[in-house]
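Modelling step: build the complete structure from the supplied sequences, incorporating the hints.
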Amino acid sequence: MKLFECQHCGQLLYFENTRCERCGHVLGYLSGEAVLSALSQEGDDRWRAAAADRVFRFCANAAQDACNWLVPADSSEHFCRACRLNRTIPNLGVTGHRLRWQRLEAAKHRLVYGLLRLGLPLASKATDPQAGLAFDFLANAGLAFRESPQAITGHSSGLITIDIAEADDGERERQRLDMAEPYRTLLGHFRHEIGHYYWERLVRDGPQLEPFRALFGDERRDYGAHLERHYAAGPPPDWPQRFVSAYAGAHPWEDWAETWAHYLHIVDTLETANAFGLRIHPKAGRDPALATMLDFDPDAESDFAVLIEAWLPLTYALNSLSQSMGHSAFYPFLLAPAVIEKLRFIHDTVRRSRVPEHASP
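Numbered per my numbering, the sequence shown finishes at 457, counting up by one with no gaps.
All clues stand as given, with none of them false.
Label pairs and their computed distance ranges (CB to CB):
{"no.": "1", "residue 1": "Glu-306", "residue 2": "Asp-334", "range": "19 to 29 Å"}
{"no.": "2", "residue 1": "Glu-129", "residue 2": "Glu-306", "range": "37 to 47 Å"}
{"no.": "3", "residue 1": "Met-389", "residue 2": "Thr-184", "range": "41 to 51 Å"}
{"no.": "4", "residue 1": "Tyr-327", "residue 2": "Tyr-279", "range": "10 to 20 Å"}
Hints are computed from structural coordinates only; laboratory data are not their basis. All values derive from a computational prediction rather than experimental measurement. By construction, the Cβ of each residue, glycine as well, lies at the ideal position given by its N, Cα and C atoms.
This is how it looks when you write it as structure tokens:
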């Protein structure tokens, strides 16, 4: 995630900010330019953006404190690029639903930010029913947290369905413990499910399918049977040498989705580290691989080796900092050589799939 700066007073800003704490200017995000802009009001719901010198209005979901993105003032769209992906949202009149939905939107907007920065194809089902993406955020539907071949909670043909209880911290932690997961976050959940979507868009019907099978396995194996076996017996004993997580061993589709989520974790965290100008140079240990200068744009970097050579020492430092505060490791994963090759494959697939910059918000 980039850092932003108020164009009016120079204050440091963050992605979700809606007002500059120093000068009081209202802020809005321009997805085409990937910039958070100070705004000057020019009428009812009309705002001139300092970063673009054009007039915009807020996404309709700003009225629900669920979005700070902008759309052009003369656009026929009521929603921004991220919110146009919604097909169903929960009943906001029910106590607790609004807060959970706002948390879901915050994570989803960070997801969409990253997808756009990587140049990945992204369209809503409303405009592209066959290849587009849509989200259903459902409540009190008795949805299972674990995935299933029926995709009750998960992904099916471009539709991602999420039970809004996933946005409840206590419930998510209970599920993390029940599933013996070292790491479970709302943003991670989105990144995993979007991985299934991009497998269909970027791999299933193209030249990457056979190389995928060589690395991840044959996805034509019975998905339901493999999941049931995983939930009943757990992962294969050698999973740390072959997979990024225990769940990745359930089926090649889940291996791809888990590895895809980690790839997005890596790119976004490296971008944040670059934005803060971080440099890792430990005062103990003689291995030069422990040091790194995070002075590159991971979204634009073509060489995967540059990313992984920066990521590993960054995680060593962040894990140590987290544990110094009494928390568990920031990144509780070991990336075996087989996993790094899978990450490299995803990186190369993303690079091949980049679409031209789309400047419209």
